[in-house]
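Numbering follows the numbering used here, with no gaps: position 173 of the sequence shown is 173.
Worth flagging that the hints you see were computed from the coordinates, not collected in a lab. None of these values were measured; they are calculated from a predicted model. Among the hints, a few may not be true.
What the hints assert, rightly or not - Beta-carbon label-pair distances, calculated as ranges:
1. GLU19 <-> ALA156: 19 to 25 Å
2. LYS133 <-> GLY180: 37 to 43 Å
3. LYS128 <-> PRO89: 26 to 32 Å
4. ALA160 <-> GLU19: 30 to 36 Å
5. GLU70 <-> SER39: 24 to 30 Å
6. ASP99 <-> VAL144: 19 to 25 Å
As the list claims (entries may be wrong) - Restricting the straight-line Cα-Cα distance to at most 27 Å, the calculated cross-link-like pairs of lysine-lysine (DSSO-like) are:
7. LYS157 <-> LYS138
8. LYS118 <-> LYS138
9. LYS164 <-> LYS133
10. LYS164 <-> LYS138
11. LYS72 <-> LYS176
We put the beta carbon where it would ideally sit given N, CA and C, even for glycine.
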Amino acid sequence: MFAMYKDEVFNGPEVSLMEMLDAREKRAFRQTQIINQHSPGSLLSVTLNIPGDIKTSLYLVGVFEEMLTEIKAMLDDVTVQFSEVLNLPTGPEAYFFVDIDSIELKKRMVALEEMHSKGRVFDLDVVKLEDGKLSSLKREEVGVGKRQCYICDRPAKECARSRKHSIEESQEAIAKILLG
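Start from the sequences and build out the full structure, keeping to the hints where you can.
What follows is the structure in structure tokens.
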């Protein structure tokens, strides 16, 4: 059964750990650049949360574009100063710099993550730059509990750090979420 999921969702190019680390570094640089060029306002950084060495595929890009439509709808009452979408081998990324308080933006994005059937596979991060360092607002800062694991009821970060679940288990859970 998982082979069917894998063929539909995870049929893109494999990327190495070095490519992922390089992409993370470039993302941080881009986030800093956007904040410095467009402040005041708030930066939303959108990525997929996909375990394993396949981070993009036609199916995943389609799901990403579907979520971008939802994000734009949630931001239709605010001015978007800047937006950018990047389709990279390390996974699609999008940035929205908006004229809204960062706490309000995070509340909206948490609501979207929770109400959208595929919201769990997205990282909708509200990024800020303080004293030259990037940080993301945490769900707890807007009165919401930690994200739960796709597979069990533990906090997702605990499972990710301890590698409690195999990549295959995680991919199967994600495929089930995405394919309904």
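Evaluation of the provided hints:
no., hint, verdict
1, GLU19 <-> ALA156: 19 to 25 Å, "23 Å, holds"
2, LYS133 <-> GLY180: 37 to 43 Å, "39 Å, holds"
3, LYS128 <-> PRO89: 26 to 32 Å, "28 Å, holds"
4, ALA160 <-> GLU19: 30 to 36 Å, "19 Å, violated"
5, GLU70 <-> SER39: 24 to 30 Å, "26 Å, holds"
6, ASP99 <-> VAL144: 19 to 25 Å, "23 Å, holds"
7, LYS157 <-> LYS138, "12 Å, holds"
8, LYS118 <-> LYS138, "20 Å, holds"
9, LYS164 <-> LYS133, "30 Å, violated"
10, LYS164 <-> LYS138, "22 Å, holds"
11, LYS72 <-> LYS176, "25 Å, holds"
Of the numbered hints given earlier, the model fails hints 4, 9; all others are met.
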